[in-house]
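4 protein chains.
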Amino acid sequence: MYFSSDNAGMAHPAILQAILDANTGYAMPYGKDEIMEGVRESMRSLFEAPEAAVYLVATGTAANSLSLATLAEPWQTVYCSPVAHIQEDECNAPEFYMGAGKLTPIGQGDKITPDDLAAVLEGGPRRDVHAAQPGPLSITQATEKGRLYSVDEVTDLASMAHDCGLPVHMDGARFANAIAALNVSPADMTWRAGVDVLSFGGTKNGCVGVEAVVLFDPELAWEFELRRKRGAHLFSKHRYLSAQMQAYLADDLWLDMAGAANANLQMLADGMREIGVQFLEEPEANILFAYLPRAMHARLQAAGARYYVSSASSSDPAEPVLARFVCDWSLPTAEIDHFLNVAAG
Amino acid sequence: MYFSSDNAGMAHPAILQAILDANTGYAMPYGKDEIMEGVRESMRSLFEAPEAAVYLVATGTAANSLSLATLAEPWQTVYCSPVAHIQEDECNAPEFYMGAGKLTPIGQGDKITPDDLAAVLEGGPRRDVHAAQPGPLSITQATEKGRLYSVDEVTDLASMAHDCGLPVHMDGARFANAIAALNVSPADMTWRAGVDVLSFGGTKNGCVGVEAVVLFDPELAWEFELRRKRGAHLFSKHRYLSAQMQAYLADDLWLDMAGAANANLQMLADGMREIGVQFLEEPEANILFAYLPRAMHARLQAAGARYYVSSASSSDPAEPVLARFVCDWSLPTAEIDHFLNVAAG
Amino acid sequence: MYFSSDNAGMAHPAILQAILDANTGYAMPYGKDEIMEGVRESMRSLFEAPEAAVYLVATGTAANSLSLATLAEPWQTVYCSPVAHIQEDECNAPEFYMGAGKLTPIGQGDKITPDDLAAVLEGGPRRDVHAAQPGPLSITQATEKGRLYSVDEVTDLASMAHDCGLPVHMDGARFANAIAALNVSPADMTWRAGVDVLSFGGTKNGCVGVEAVVLFDPELAWEFELRRKRGAHLFSKHRYLSAQMQAYLADDLWLDMAGAANANLQMLADGMREIGVQFLEEPEANILFAYLPRAMHARLQAAGARYYVSSASSSDPAEPVLARFVCDWSLPTAEIDHFLNVAAG
Amino acid sequence: MYFSSDNAGMAHPAILQAILDANTGYAMPYGKDEIMEGVRESMRSLFEAPEAAVYLVATGTAANSLSLATLAEPWQTVYCSPVAHIQEDECNAPEFYMGAGKLTPIGQGDKITPDDLAAVLEGGPRRDVHAAQPGPLSITQATEKGRLYSVDEVTDLASMAHDCGLPVHMDGARFANAIAALNVSPADMTWRAGVDVLSFGGTKNGCVGVEAVVLFDPELAWEFELRRKRGAHLFSKHRYLSAQMQAYLADDLWLDMAGAANANLQMLADGMREIGVQFLEEPEANILFAYLPRAMHARLQAAGARYYVSSASSSDPAEPVLARFVCDWSLPTAEIDHFLNVAAG
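Chains as they are written, first to last, in UniProt numbering: chain P, 1 to 345; chain U, 1 to 345; chain D, 1 to 345; chain V, 1 to 345.
Here chain P stands alone, though its shape is the one from the complex (with noise of 0.2 Å):
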C-alpha cells in the first residue's frame, strides 16, 4: 500500500530490458551513441518538431534547473507557483544554476492564472536597475496537486509571457500523466501552446532514472551542452539513458504507464469518495489530497499504508489530516482494494 510517491516504484520491465540490449560492445560516450540518434529522431516526431534539440539527464531537478539557466540571466527572477518544485524541493539547485537567480511565487496555488500572471509583468519587461528583472515563466505540467493546464490555459499565460519578451519552461516530470489525462497532442501542449523548453520526466513513470530536456529552439543546443557538462550531468556511458528513452518513447510506452497510473489514483479516489472522503481538488492526474478523518487515518497507518501528511494538516486531533496520495503505473489492483478496505474500517 506505497501511495507515498510515483519516484519509489519499480522500473517498467521493458526499461530494463532495454538496458541489457544496449549493453553489447563498445558505444560512442557522451551522447553520441547511436541509441540516441534514434531516441531524438523519435522525440521530434512525438512533438511534431523536427528542429527540437533534445537532451538527457538522469534527475528533474537537472532538467529543470538547466533548462532555467539556459532561459534565463542571473539577474532575473522566474516566476512560478509558489508549490512548485523548482521552489520547495531542489534545495536551491535552480538558483544555483541560473548563476544566483531569483524565484517569485504568483498566485497562491499550484496553477498560476492569467490575473497571477498580469499582476507581476504589469511593470513590463525591463524594470529600474534596482529590481531583479523579469524572467521565464515555469509552469507545473501536471502540477504539484495533480491538477492539469487545459491546452487554452497554457496557450494564455505563454502568450502573456512572450508579450511581455520573457521565455516559457515547463516542468513535466509528470507530461505524460498529463497528456494520458488530456488526451492532446505532446505538439499541441508545448510549442505549438508557447512553450520553449520542456522537461519530460521519465523517471516517475517507470524509468530507471531518465529525464528528457527538449529545446524547441534549436539555437539554445550549444549553451544547454555546455550548462550540462559544466553541471556534471554528461554521461559518458551516456547509452544506458538513451536505451531507457527508447524504451519509453516506442510503442506508447510512456503513455500507457501514464494512463495506468492515472486510472489507479482515479480507482482510488473513487473507492475513497464512496466511503464519503473528502478532497483537497477533484483529482485529474495521479496525486489526490485527500482530507482523512483521524481514525481512518489511524487505521491505515496501522495497516502499514504509506502515503504522505501535508504539514497544512490542522493541529486539532478532531479535524481530519491533509493526506497526499500518488499513484504509479506499478501499483496492484488488491492494493489499492486492500487500501479501501482498511480505509472503510
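Just so you know, these hints were derived from the structure itself, not from any lab.
All figures in this text were calculated on a predicted structure; none of them were measured in a lab.
A few of these clues could be false.
Per label pair, the in silico range of CB-to-CB distance [as the list claims (entries may be wrong)]:
(1) D:Asp-251 x V:Ala-318: 31 to 41 Å
(2) V:Glu-51 x U:Ala-119: 40 to 50 Å
(3) V:Asp-152 x P:Ser-42: 48 to 58 Å
(4) D:Asp-251 x U:Ala-119: 48 to 58 Å
(5) U:Pro-218 x D:Asp-163: 18 to 28 Å
(6) V:Glu-51 x D:Tyr-308: 31 to 41 Å
(7) D:Gly-123 x U:Lys-32: 15 to 25 Å
(8) V:His-338 x D:His-162: 55 to 65 Å
(9) P:Pro-114 x D:Tyr-308: 42 to 52 Å
30 Å max Cα-Cα, derived DSSO-like pairs, lysine-lysine [said to hold, decoys possible]:
(10) D:Lys-32 x V:Lys-145
(11) P:Lys-145 x U:Lys-32
(12) P:Lys-32 x U:Lys-32
(13) V:Lys-32 x D:Lys-145
Glycine is no exception: its CB is placed at the ideal position from the N, C-alpha and C atoms.
With chain P fixed as given, assemble chains U, D and V onto it according to the hints.
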C-alpha cells in the same frame, strides 16, 4: 579494436543483474533504500573506516566537483596537475561547484612532486587578502597518463598539505586500476596516507554509471548531502545506483575488472614494445601513451582501430604521432592480437 | 522641494573636511591606514563592543550582501520582509554574494512579527535535504516604510532566530534615524538584543559614500575580509572611507544629522496632517507614506516638488495617490514650508 | 621615500576641489547626475567614440571583474598574463563575477606575445564540450612590470583574438601612464587597435577612488548596468564619482599626473643606473624592478625607504634582492634625491 577510453565499454553482466534484482516493488527514494545500507557497510569495511560517510553519484565530474566544493572555500585555489581531469576536462564544473573558486596547476606532468607542492605552499596557509587562498590538494590515482602514486608518495604529499592546513582530495576515477596494480589496501592508499575525500570510480570500470564519494571525516556528511541535492545529483530511484555499487564491491568484482583492464593494457604494451614502438612513459595501469610511426598509424586507422591522437603530437609528418590507448576489462584478447598484427604490418 | 530619497542630498561639510584633512602624503592602502585604527576604536566604543570587527564599504548593497554572505550558506534562505531592500532593490546582489542562496519574504509588511517568524521556523533548523535550509533573519531598522522596531521587538525576534540556530542581520541603512528616534544605546539595539551583524549606514545620512559593517563576533572577520576583496569592495585608498566614518562618528554627527532628518520629516508630517492628508502609517523616522488628493498632487508636481509615487497607488483618478516622502538632514526648512503652502493650495 | 605603490599617495587637489564643488543641493542618484552627463561626453570625445557606453566604479578590481563578466560566459576561460592583476591580486573576483569562469595564464611574463596567444587559440573558438571554452583576451597596459604594449602589439593580439571570435579587454589601471609614455591617442590604443572594453584607471593616478569602464560596443551597456548593480557597485551619491572623473579628464590632468609619475620613475631609474644598479627590465612607465645589493637594501630599509621586495628574490644572502619601485605623481623630487643618496651609500 576500441582503445579510445574505458568509458565506452559495456557494463559487467553482474552489474546489470544487480539492477534487475533491485527492480522489485517499492523502495525508499533518495538514498534511503536498503541496498544503500549494505553499500555503506561494504565500503566502510573495504576501507577499514567505520565512520566514513559514503555517497553515490552518477558521473565522475560530479564526484570530483562535489568533493572539492565540500573541501574548499570560494576564495581558495585547488592545487592539481596541469593535466588533471578537473583542470582539463570538466568545463569549469569544479569552479562552478566551488562557487567560483580557482584551480592552480602545479608541476609539469601528471604526477605532482613534493617540490611542485612545496613551491606553492611556501607562503603558508594564509596569504594576503588579494591572493587566492591556498585550498585542497587534488591528486589523480591512477593519473591521466596511466601512472601511479605509491603509498609513500601520497603520504608525503598529503602530509605536506596537512602541515599547511590543507585537505587532500583523490580523484580515483581509476582508483581500482591503481589498487589492482599496486596491490595495497584501499585504507593504506587513502585515509592512512592522508586522503580526506576520495572519488571512487565505477563507471570506467564496468559499471553503468556510478561513482562513490568516500568522506573519511563524517563531519562533512550533511554539507555534502546538501551540495549533492543542490547540484541535482541526488537520485530519487537511488536503488539502481546502490545496486550497481553493491555488485561492484561484492566478491572483489571491482578489483577483478581493474586487474583485467590492466592486464589487457600490459598485453598491448608488450606487443607494441616487441615491434619497437616507443612509449611516453612506462605504463603502470590501463593507459598507455605511445609514439606510432605514421605508416603504422595509417594502417591501424584503415583497419578501424580506435584510439586518441594527442594534440601534443608532432606536426612533422616524418615524426610519429603520440597516441593514447586505454583498455577496459571487456576488451577481447583477440582484438589486442588483431591490433598488434595490423601494427606489425 | 526634494523628498525623493535621502540618497540625493549633499554631504555634511564636516565629512568633506575630513576627506580634505586626510589628503596628505602617503597612507597605507587597503584599510591599514591610521585613520581606520581610530574608526575601529570609535565604533567599538560606541557599540560597547571591544572585540567587534569593523569594516567599511561604499554602498549599502555591499554592506548587506557581504554581511548576509558571511552569515549564510548557499543552500539556505534568508528570512526578510517582502518590502526589504535586499528583496526588492538590490537586483539579486544578496543572492549573488551568498553563492546562489535564497530569500524568503515573511509577513505582509515592513515589520516582521514574531508570528511571521514562528510560522517559518516551525520546521526547525534542519529541513529535509530537498528544501532550502533556514538561514539568517534580516531585519531593517528603520524599515523601508519609516517605522521602527523597539529594542524589545528586536530582542524577541532575535531570540527566536537564535533558538533555532539562526544568526541575525540588521540592515541599518537608516540605523542612525532609528537610534535618534528611539533614544536607546546602539549596543542595546544591536548585540544586546541579539543582532550578530549590523550594516551601519552613512551614505543616506550625510556622508559621501561609506557604510560600516560591524561584526559582533570577531571570528567572522577574516572571512568577511576575503569576501570583501573578492567582491571588489576593498578600497586601495581606503583612508578616504575612514575619514568619512571618523567625522561621522565624531561629536555625534551621525546622530545629529539623523535627528535633523527625523525632525524635518515630522515638520512635514505635522503640516500635512493639519491640512487633512492621511498617512499609510504614523511616521517614526525620516520616511512618510501619505495619500495625496489628486489636485494636491497636481499642484505639487507643477511646483516642482520631488517625491516618489508608489506603484501601490490607486489607478482610480478619483482616489488619492500614495506618495513616499523622505527627508535628509540638509533639507532647508523653507522648502518644507513652501511644500506645505503649495499643498494647502 | 614611498615607492611601494601608486595606490597610497594623496589625491590631486583639483580632484578634491571637484568633490567640494559637487557638494551642493540635491542631485539625481545612481549615475543620473548632471556631472555624469559631462563625463560621458568628455570620455567619448577623448576616445573619439561617440557611441561608447561609459560607467564609473570605485575600484580597479570592480572595473576589471565587471568588464570580464560582461564579455565572458561562465564556461569560458580568460587568457591573461601569469602576473596579471586579475590572476594574482583579485582574490578570485574575476571568477566570482564571471559566474565561476576560469583564467588561463599564457606566456611567461607580463607581456603576452603573439606566439603565446597563438598556442592557445590553435584549437579554434569552439572546443569539445569537456574543455573550458575560449573567452576574452585580457591585456594589461601598462603591465604589472611597468612595460608597455605598442599600438601595433595591441593590434596584432586583438586581431588574433577577434579572428577567433574572442573579445578583448584592456586592464588600464595604469592606462594614463601608458598613454603619457607612448604619446599616442587613446582611440589608437584602444578601439582602433581592437580593444572592446577598457578599464580606465583613476585611483592609482591621483584620484580618491574612481575607475571608468569604457564599453566601445554600446550593446553591452544594459547588461553592464545590471551587473554593476548586482555587484553592489552602483553608487547612490554617484556625483562624487562623477566629479572626480570630470576633474581628472579636464585640462589633461590625467595625462599630466601620469607624465609626472613616469618622470619620477625615470629620475629614480637614472639615478640607480648611475650607481650601477641592474634592472629586471628597462622601465617604460612608472614601475621599476631593480636588483638591490644587500648592503644597499639594508641602508635603504634603515633609512625608512618603502618598496616591495619580490618573492622572486634570491634567498642567497650574497645575491641582490629584487625590489619593485612605483612612483606616483605626488612624489617629491627631494625624496628621490634622498633615496639615491642613501642608495649610493
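Tested hints:
1. D:Asp-251 x V:Ala-318: 31 to 41 Å: violated (57 Å)
2. V:Glu-51 x U:Ala-119: 40 to 50 Å: Given about 48 Å between the Cβ atoms, the range holds.
3. V:Asp-152 x P:Ser-42: 48 to 58 Å: The hint (48 to 58 Å, Cβ to Cβ) holds, given that Asp-152 (chain V) and Ser-42 (chain P) are roughly 57 Å apart.
4. D:Asp-251 x U:Ala-119: 48 to 58 Å: holds (53 Å)
5. U:Pro-218 x D:Asp-163: 18 to 28 Å: Since Pro-218 (chain U) and Asp-163 (chain D) have Cβ atoms about 26 Å apart, the given range 18 to 28 Å holds.
6. V:Glu-51 x D:Tyr-308: 31 to 41 Å: Roughly 32 Å apart at Cβ, these two residues keep to the hinted range, so it holds.
7. D:Gly-123 x U:Lys-32: 15 to 25 Å: holds (19 Å)
8. V:His-338 x D:His-162: 55 to 65 Å: Since the Cβ atoms of His-338 (chain V) and His-162 (chain D) sit about 58 Å apart, the hinted range of 55 to 65 Å holds.
9. P:Pro-114 x D:Tyr-308: 42 to 52 Å: The hint (42 to 52 Å, Cβ to Cβ) is violated, given that Pro-114 (chain P) and Tyr-308 (chain D) are roughly 29 Å apart.
10. D:Lys-32 x V:Lys-145: holds (24 Å)
11. P:Lys-145 x U:Lys-32: holds (24 Å)
12. P:Lys-32 x U:Lys-32: Roughly 33 Å between the alpha carbons, so the hint for Lys-32 (chain P) and Lys-32 (chain U) is violated.
13. V:Lys-32 x D:Lys-145: holds (24 Å)
Comparing the model with each numbered hint stated earlier shows that hints 1, 9, 12 do not hold.
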